[in-house]
Structures are given as C-alpha cells and as structure tokens.
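*Asks:* Given next are the chains, with one letter for each unit.
Protein chains: 2
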Amino acid sequence: MGARAHISPLAPASPAELPLVAGVTFATAATGMRYKGRPDLMLALVEAGSTVAGVFTRSKTRSAPVDWCRASLSRGTARAIVVNAGNANAFTGRAGMRAVKATATAAARAVGCAAEEVYIASTGVIGEVLDVRPITAALPGMVSTARGDAWAEAAKAIMTTDTFPKLATATARLGGRQVTLCGFAKGSGMIAPDMATMLAFVFTDAALPQDILQALLARAVNPSFNCITVDGDTSTSDTLLCVATGAAGNRTDRLTDRGVAGFAKALDSVCLELAQLVARDGEGAEKLIAITVTGAEDDGAARRIGLAIANSPLVKTAIAGEDANWGRIVMAVGKSGEAAERDRLAIRIGGISVARRGAADPGYREDALKPHMQGRDIDISVDVGVGRGRAMVWTCDLTHRYIDINGSYRS
Amino acid sequence: MGARAHISPLAPASPAELPLVAGVTFATAATGMRYKGRPDLMLALVEAGSTVAGVFTRSKTRSAPVDWCRASLSRGTARAIVVNAGNANAFTGRAGMRAVKATATAAARAVGCAAEEVYIASTGVIGEVLDVRPITAALPGMVSTARGDAWAEAAKAIMTTDTFPKLATATARLGGRQVTLCGFAKGSGMIAPDMATMLAFVFTDAALPQDILQALLARAVNPSFNCITVDGDTSTSDTLLCVATGAAGNRTDRLTDRGVAGFAKALDSVCLELAQLVARDGEGAEKLIAITVTGAEDDGAARRIGLAIANSPLVKTAIAGEDANWGRIVMAVGKSGEAAERDRLAIRIGGISVARRGAADPGYREDALKPHMQGRDIDISVDVGVGRGRAMVWTCDLTHRYIDINGSYRS
Numbered sequence: 001m002g003a004r005a006h007i008s009p010l011a012p013a014s015p016a017e018l019p020l021v022a023g024v025t026f027a028t029a030a031t032g033m034r035y036k037g038r039p040d041l042m043l044a045l046v047e048a049g050s051t052v053a054g055v056f057t058r059s060k061t062r063s064a065p066v067d068w069c070r071a072s073l074s075r076g077t078a079r080a081i082v083v084n085a086g087n088a089n090a091f092t093g094r095a096g097m098r099a100v101k102a103t104a105t106a107a108a109r110a111v112g113c114a115a116e117e118v119y120i121a122s123t124g125v126i127g128e129v130l131d132v133r134p135i136t137a138a139l140p141g142m143v144s145t146a147r148g149d150a151w152a153e154a155a156k157a158i159m160t161t162d163t164f165p166k167l168a169t170a171t172a173r174l175g176g177r178q179v180t181l182c183g184f185a186k187g188s189g190m191i192a193p194d195m196a197t198m199l200a201f202v203f204t205d206a207a208l209p210q211d212i213l214q215a216l217l218a219r220a221v222n223p224s225f226n227c228i229t230v231d232g233d234t235s236t237s238d239t240l241l242c243v244a245t246g247a248a249g250n251r252t253d254r255l256t257d258r259g260v261a262g263f264a265k266a267l268d269s270v271c272l273e274l275a276q277l278v279a280r281d282g283e284g285a286e287k288l289i290a291i292t293v294t295g296a297e298d299d300g301a302a303r304r305i306g307l308a309i310a311n312s313p314l315v316k317t318a319i320a321g322e323d324a325n326w327g328r329i330v331m332a333v334g335k336s337g338e339a340a341e342r343d344r345l346a347i348r349i350g351g352i353s354v355a356r357r358g359a360a361d362p363g364y365r366e367d368a369l370k371p372h373m374q375g376r377d378i379d380i381s382v383d384v385g386v387g388r389g390r391a392m393v394w395t396c397d398l399t400h401r402y403i404d405i406n407g408s409y410r411s
Numbered sequence: 001m002g003a004r005a006h007i008s009p010l011a012p013a014s015p016a017e018l019p020l021v022a023g024v025t026f027a028t029a030a031t032g033m034r035y036k037g038r039p040d041l042m043l044a045l046v047e048a049g050s051t052v053a054g055v056f057t058r059s060k061t062r063s064a065p066v067d068w069c070r071a072s073l074s075r076g077t078a079r080a081i082v083v084n085a086g087n088a089n090a091f092t093g094r095a096g097m098r099a100v101k102a103t104a105t106a107a108a109r110a111v112g113c114a115a116e117e118v119y120i121a122s123t124g125v126i127g128e129v130l131d132v133r134p135i136t137a138a139l140p141g142m143v144s145t146a147r148g149d150a151w152a153e154a155a156k157a158i159m160t161t162d163t164f165p166k167l168a169t170a171t172a173r174l175g176g177r178q179v180t181l182c183g184f185a186k187g188s189g190m191i192a193p194d195m196a197t198m199l200a201f202v203f204t205d206a207a208l209p210q211d212i213l214q215a216l217l218a219r220a221v222n223p224s225f226n227c228i229t230v231d232g233d234t235s236t237s238d239t240l241l242c243v244a245t246g247a248a249g250n251r252t253d254r255l256t257d258r259g260v261a262g263f264a265k266a267l268d269s270v271c272l273e274l275a276q277l278v279a280r281d282g283e284g285a286e287k288l289i290a291i292t293v294t295g296a297e298d299d300g301a302a303r304r305i306g307l308a309i310a311n312s313p314l315v316k317t318a319i320a321g322e323d324a325n326w327g328r329i330v331m332a333v334g335k336s337g338e339a340a341e342r343d344r345l346a347i348r349i350g351g352i353s354v355a356r357r358g359a360a361d362p363g364y365r366e367d368a369l370k371p372h373m374q375g376r377d378i379d380i381s382v383d384v385g386v387g388r389g390r391a392m393v394w395t396c397d398l399t400h401r402y403i404d405i406n407g408s409y410r411s
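Just so you know, the protein sequences line up as chains A and B, in that order.
Each residue of the first sequence is one higher than the one before, counting from 1 in this note's numbering.
Each residue of the second sequence is one higher than the one before, counting from 1 in this note's numbering.
One or more of the hints may lead you astray.
The list treats identical chains as interchangeable, and a pair is accepted whether it falls inside one copy or across any two copies.
Below are the EDC-like pairs computed for lysine to aspartate or glutamate, each with C-alpha atoms no more than 20 Å apart in a straight line [what the hints assert, rightly or not]: (1) K101 to D343; (2) K101 to D299; (3) K370 to E128; (4) K370 to E47; (5) K101 to E322; (6) K265 to D299; (7) K370 to D211; (8) K101 to D298; (9) K36 to E128; (10) K101 to E128; (11) K36 to E153; (12) K101 to D367; (13) K101 to D67.
Bear in mind the hints are in silico, worked out from the structure with no lab data behind them.
Let's have the full structure, built from the sequences with the hints guiding it.
*Replies:* Below is the structure:
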C-alpha cells in the first residue's frame with residue numbers, strides 16, 4: 001500500500017502536544033497481525049474508580065466490540081481500553097464475541113480488574129475472524145510498560161488508512177480545580193458518523209459521575225463527530241469513549257452547575273478538533289470543505305442539508321477540480337428532502353456571493369473565486385430562506401486517491 | 001472534453017431499432033449553444049388529441065421546465081415536446097420561467113396548438129440563464145422536417161455526458177389491437193431518481209385516457225427509474241413523459257381491464273430497459289452492478305437497503321478494483337437504517353455464498369469469485385433475514401473516470 005507513505009496536505013504542521021492526565025497511561029505493541037513494522041495494538045490504563053461514557057455507531061450491523069462496550073456501560077466504570085487496528089472484528093458471528101471476551105479477560109487478568117471494566121474497540125477489515133492470540137500474548141508486557149506521556153504512540157497505533165495521528169487537548173475549571181482533557185482519534189474512510197464516528201478516546205482527570213459524563217458526551221457529538229463526513233459510509237465500529245479518572249480531586253458538580261458548563265465547553269472543543277482532524281485526513285483529501293447552512297427549519301434540518309452537500313460526489317469532485325460549480329450545491333440542497341425556498345436560496349463561496357434570490361448573483365464573476373478554489377480551505381455558506389436553523393459541517397474533496405486507496409484496501 | 005469520445009464498455013453492441021409509432025415524429029437541430037458540431041435540440045410532435053402523463057423529480061430546487069410541465073399536466077393533452085441539452089435552465093430565477101414560456105409559445109405557433117400543450121425539458125449545467133433565441137429560431141424549420149423514424153437522432157440530441165443513446169421498445173395487445181411503445185432516455189451522472197429520473201420519453205399509439213396513463217406511469221417508475229443510481233445525486237430536472245397518440249384505434253379500456261395489464265407490462269419493460277441503460281452509462285462505469293435484496297421488512301425497505309449498497313462509495317470503488325470486499329456490503333446494510341438481522345444476514349456474489357448467518361461462509365474461497373469480479377456484470381444478492389420484502393437495484397462502479405468527468409464538466 002504505497003498510499004500509506006502519503007500524508008494528507010491538510011494535516012497540521014505537527015501533532016498537538018498533549019500534557020499528562022493524572023491517572024492515565026498508555027502502551028502500544030506491534031502484533032504483526034495485518035501491518036508489518038508498526039504498532040497496531042493500543043492499551044490505555046486508567047485509575048480504579050474512573051467513570052466512563054460512550055457513544056456508538058447506530059449501524060444495524062455493528063461490531064462485536066461495540067456490543068460489548070454498550071453492555072458494559074451500564075456498570076459505568078473503566079480500568080482499561082484495548083484497541084487493535086487492521087481487523088474490525090465486525091460481522092464475525094459468534095467468533096466475534098468470543099474474541100472480545102478473550103481479549104477482555106486477558107486484559108482484566110493483567111490489570112487486576114473485572115472483564116467488564118475493559119473496553120474494546122477494533123478497526124479495519126470487516127468480516128474476518130480476529131485471531132486474539134497475538135493480542136492476549138502482548139497485553140501483560142504492555143501493562144508493565146505503560147507511560148502517561150505516550151499520547152502520540154497511542155494515537156498512531158490505532159490508525160488504519162489514516163495518514164497522520166489526531167490529537168487534541170483543552171483545560172477547564174471545575175469544582176475549584178483546573179482539569180485537563182486530552183483525546184485522540186482515528187478515521188479516514190467509512191466516515192459518516194451517525195451518533196459518533198470511527199474511534200475516538202478522550203481522557204480527563206476530572207471527577208464526574210457517569211451520568212453527567214454520559215450526558216455531556218452525548219451532547220458533544222452532535223456539532224462535532226455528527227457534523228463530519230468523508231464518504232457518507234457509516235462504520236460498523238464507530239466508538240467514542242470518554243474516561244474521567246477523578247485524579248484532579250475536584251468536587252463533583254451537578255449537571256446544571258456553572259463549572260460543568262465550562263467543562264462541557266472544553267469537551268466540545270476537544271471533540272470538534274478531533275472531528276475536524278478526521279475530515280482533514282479524509283481518504284485522498286486535498287481540500288477541507290466547511291459548509292455553513294443557515295435559514296433552515298431547525299438545526300437538525302440545517303445539518304441534514306449540510307450533509308447532503310458534503311456527501312454529494314458531484315460537489316466533491318467539482319471542488320477537487322477547483323471548479324466553483326455552485327449549481328451542484330443547489331442540486332444537493334434540493335435532494336436533501338428538507339424545506340428550502342428555491343427562490344430565496346443564497347450561496348456564498350469563500351465569502352463571495354455567487355447566488356441569491358434563487359438565481360446567479362448578477363455581480364458574480366467566476367474569476368474572483370479562482371484564488372479561493374485553488375486554496376486548501378473551501379468555505380461554502382448556504383441560506384435556504386425558510387427559518388432560523390443553522391449548522392456547520394465539514395468534509396473533504398473526492399479525488400483519484402480515494403479510488404486508489406479503496407480499490408485495493410485489502411490487498 | 002476528451003471524455004466524450006469514450007463509449008461506456010457496458011453499452012449494448014448497437015442501439016435498439018425502434019419501429020414507427022403512428023402519430024409521432026421527431027426533428028433535431030444543432031444550435032451551438034454549448035456543444036459544437038452536434039444536435040442539441042429535440043422536437044417531438046404528436047397528433048392532436050394525444051394524452052400525456054408525467055412523473056418528475058421531487059427535488060426542492062426543481063427547474064423551471066419541471067414546474068411548467070407539472071402545471072400543464074392538469075390539461076392532460078400534448079402536441080409537442082421540446083428538449084435542449086447543455087443548459088438545465090434550473091435555478092435561473094424568473095428568467096427561467098420566461099425562457100420556458102418563450103419556448104412553448106414559439107413551438108405552439110409553429111405547431112398550431114396551445115402553449116400548454118408543449119412540454120419542455122432542459123438538461124445540462126445548473127444556474128446559467130438560458131438564451132432561447134437559438135431555440136425559437138430553429139423550431140419552425142424543425143416542424144416542417146420532422147420524421148417518424150428519427151428515433152436515434154432524437155435520442156442523441158438530448159445527451160449530455162451520456163456516451164451512447166438509450167432506446168427501448170415493446171408491444172402489447174390492448175382493446176383488440178396491437179399497440180407499440182417506444183422510448184428513449186438520457187442520463188449518466190446526477191442519477192439518483194426520486195420519483196423519476198433524468199429525462200425519458202415514451203410514446204405509444206395506444207388510445208388511453210390521461211388518468212389511466214398517469215396511473216400506469218406512476219406505477220412503472222418504482223421498479224425501474226427509482227431503482228437505479230449512479231452517484232446518489234438527484235437531478236433538479238428529472239422528467240419522464242409518456243404520450244399516447246391513440247392512432248392504434250383501440251377501444252379505451254378501464255384500468256382494471258385485462259388488456260391494460262398487458263399494456264402496463266410493456267410500459268414497465270420499456271421503463272426498466274431505459275433505466276438499466278442509464279445505469280450502464282453511469283459516468284465512468286466499467287461494471288454494471290445488479291443488487292437483489294430479499295428478506296426485508298417490505299419492498300420499500302428492500303429498495304432502500306439496495307440503494308444504500310448501490311450508493312456506497314466504498315462498495316463501488318471495491319468493485320472497480322475487482323475486490324470482493326463484502327464487508328463493505330455489510331456496512332452499507334447497517335447504515336441504511338432499515339431493519340436487518342445482523343446474525344441472519346446472507347450475501348451471495350455471482351451466485352457464490354460469501355456470508356451467511358452473520359459471518360463469512362466457511363466454504364467460501366475468494367479465488368472462486370475472481371472470474372466474476374473481473375467480468376462486466378456483477379451480481380450481488382443480500383438477504384437481511386427479517387421479512388418478505390424484495391427489490392432489485394442497478395448501479396455501476398466508481399472509477400477514476402467519474403472524477404475526471406466531474407472535475408471538469410463545465411470547462
């Protein structure tokens with residue numbers, strides 16, 4: 001896979017530097033299961049008493065690890081997260097759940113906790129039985145070498161077609177203390193989150209009851225992971241976990257407390273940053289496309305219109321060709337099924353009005369848009385003239401490289 | 001546009017030969033509006049007293065010609081159809097309807113009928129005002145030279161990114177007479193019909209009241225035009241018209257009469273053949289993909305699951321790469337939102353069982369599928385294990401040529 005050597009031109013100049021989060025350590029290992037010469041197994045260890053929240057794919061064909069995590073969440077505490085890259089352990093029948101249980105049991109034994117406190121995520125090819133022996137063999141050694149500063153290694157070990165690791169951090173004041181949030185994610189193709197997306201893990205030293213953490217996480221995914229798309233294909237494995245170790249020693253606040261609002265904001269920003277990094281690493285991406293929809297019936301309608309534009313192969317190929325073919329944006333609004341007033345529709349690209357009142361803007365000259373279309377960041381704003389709903393959605397262009405990558409992913 | 005010289009490898013060896021339909025003639029002209037050196041204007045003339053039925057895009061940003069045709073249908077009779085290729089006259093504000101009316105008025109004057117008896121369809125770039133002068137100038141000469149055997153010329157004149165003309169025919173017994181149905185269509189990209197698709201015109205010499213014709217046409221689109229997709233992008237201009245001249249002199253039957261069932265079957269077959277030809281000419285297509293979904297909650301659910309598979313960029317690129325990556329079919333079933341039993345899911349490709357009971361078929365060897373994947377016709381069957389709903393859906397693979405064509409369509 002020569003494609004792996006390529007790094008997305010939309011990658012940040014360097015990955016974010018993440019501080020320690022008290023109570024969290026990481027280890028990685030190279031099992032050689034699919035990838036050669038790179039770590040493909042990640043273990044995160046968290047302090048006893050850590051609470052955990054999760055949001056998962058809504059796919060009807062979700063993977064065994066997703067089933068496992070959803071069931072474990074009712075317990076609400078975590079001690080470890082195990083992630084393998086290269087095999088999604090999805091659509092693997094009973095062998096799938098057996099593999100999950102074997103992994104959880106091995107990790108639990110090495111850590112000294114209950115199997116239900118081990119969360120598991122798998123990413124990679126669908127439909128191949130996962131041989132867990134290389135995983136269970138590696139886990140004990142990983143427990144003894146885990147370090148708190150291994151963020152970059154952890155983020156790299158979970159990558160599949162990703163071209164760069166995705167990391168984000170933020171701080172907040174909560175219950176009289178400063179708390180830290182750090183997270184990482186993977187995802188590049190099969191990205192059309194429906195509830196959460198791909199794999200993302202956020203850790204904080206804040207002390208937060210599980211129900212509050214879950215409520216905050218469920219809110220945070222809507223304007224972040226649920227507002228990005230690469231190809232409109234929703235994964236069987238989408239998993240977002242957030243673990244709070246409580247090591248910061250803050251008071252535990254109620255959901256309505258002012259401090260919680262500050263923490264929620266920090267959590268939102270980490271989720272949004274990770275989500276945008278995934279869009280920046282969309283398979284074959286050459287341009288990041290930010291779509292703002294206003295004037296929709298409500299925020300949900302605005303998001304669906306934005307995603308209709310973001311998922312349109314015709315819009316995405318036009319942008320890959322640096323062609324401001326805004327007629328295709330009109331088409332995508334029309335096909336979304338959401339209320340839109342054709343004769344009040346207005347479109348701006350790169351801040352320049354190209355269409356208003358349902359027709360081309362008489363003052364628009366295509367030449368004026370050329371520099372914007374040739375850039376890396378494409379801004380599209382659409383007002384559909386119906387109500388006050390608004391949303392922002394991110395995606396990338398559709399290029400030859402997407403086809404190269406996906407015509408031969410397994411080979 | 002060097003892409004235009006390419007002919008889809010999925011094209012029939014030669015276009016269908018269509019017989020005359022009494023009461024219908026055609027003329028074409030080259031206006032030079034967008035394309036050089038090829039006819040881009042089509043006029044169909046039908047006998048006085050002809051009834052007409054239509055099905056149109058459900059897009060919220062539908063074109064002015066679609067608005068015009070929908071309004072005219074209440075009258076129920078037609079004398080002419082005018083189609084121009086290269087400019088969709090969509091999202092052109094008031095200028096759009098002005099252009100439609102000017103065209104209809106000019107055609108009506110040349111034909112000697114009411115403007116409302118002239119149906120209009122435009123296909124091509126969205127958002128550019130249509131200059132009708134070359135059209136209105138050409139119409140009078142076209143009326144005097146129209147011929148009944150100009151099917152192929154008519155089918156070619158309405159093409160945009162199409163690489164071959166699309167024609168189909170059938171006959172039926174109706175009210176004591178043999179009646180003939182002939183039709184042609186265009187469409188290659190922006191194909192994800194939602195009610196009808198692209199442009200298609202069917203003519204018959206049968207005598208049929210408008211309400212019966214409309215009911216039959218509305219039924220015919222569901223298993224045909226509504227079961228194909230190229231890119232999931234629904235056009236602003238989708239128009240299917242069916243004209244019945246009555247020249248066959250058959251008795252007019254009621255919708256429940258046995259003869260009508262035979263006519264309906266012939267109409268269904270013409271619509272299905274035209275729809276499949278559109279899928280065969282999908283932009284950049286190298287392989288025709290037929291997807292059969294069984295075991296769904298109902299037929300509508302089966303169709304939506306089929307379309308989720310057919311619209312998945314990951315499924316389509318895998319097939320372009322001749323990779324039987326059936327895990328992506330599982331993903332697409334999961335994202336469709338329709339009921340499916342993961343642990344009862346079964347998938348066959350090219351008649352070979354690859355997955356059953358929610359996991360890979362133990363007897364499946366990937367090598368056995370190679371010859372099928374290397375062929376032009378890919379068959380996928382999916383049983384989702386829930387109910388008795390079934391549907392067939394057609395699409396094509398997603399190749400580099402799609403990106404070439406759509407990164408530079410306007411230039």
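*Asks:* Each hint should be assessed against the structure and marked as holding or not.
*Replies:* For each hint, the structure was consulted:
In this assembly of identical chains, the alpha carbons of K101 and D343 lie at most 20 Å apart only when taken from different copies (18 Å versus 57 Å within one copy). Taking the shortest Cα distances, K101 and D299 never come within 20 Å of each other, neither inside one copy (40 Å) nor across copies (38 Å). Proximity of K370 to E128 under the C-alpha cut-off of 20 Å is restricted to the inter-copy arrangement: shortest distance 18 Å between copies versus 46 Å within a copy. Taking identical chains as interchangeable, the C-alpha atoms of K370 and E47 are never at most 20 Å apart, the minima being 53 Å within one chain and 51 Å between chains.
Taking the closest pair of Cα atoms, K101 and E322 never come within 20 Å of each other, the shortest separation being 49 Å inside a single copy and 35 Å across copies. For the homomeric pair K265 and D299, the shortest alpha-carbon distance inside one copy (19 Å) is at most 20 Å, but the shortest distance between copies (45 Å) is not. For the identical chains of this complex, K370 and D211 are neighbours neither inside a copy (50 Å) nor across copies (51 Å), given an alpha-carbon limit of 20 Å. Taking identical chains as interchangeable, the C-alpha atoms of K101 and D298 are never at most 20 Å apart, the minima being 43 Å within one chain and 36 Å between chains.
Taking the closest pair of Cα atoms, K36 and E128 come within 20 Å of each other only inside a single copy of the chain (18 Å); across copies the shortest separation is 53 Å, beyond that limit. In this assembly of identical chains, the alpha carbons of K101 and E128 lie at most 20 Å apart only when taken from the same copy (17 Å versus 60 Å across copies). For the identical chains of this complex, K36 and E153 are intra-copy neighbours only, at 16 Å inside a copy versus 58 Å across copies, given an alpha-carbon limit of 20 Å. In the homo-oligomer, the alpha carbons of K101 and D367 never lie at most 20 Å apart, since the shortest distance is 60 Å inside one protomer and 32 Å across protomers.
Taking the closest pair of Cα atoms, K101 and D67 come within 20 Å of each other only inside a single copy of the chain (11 Å); across copies the shortest separation is 59 Å, beyond that limit.
Of the numbered hints given earlier, the model fails hints 2, 4, 5, 7, 8, 12; all others are met.
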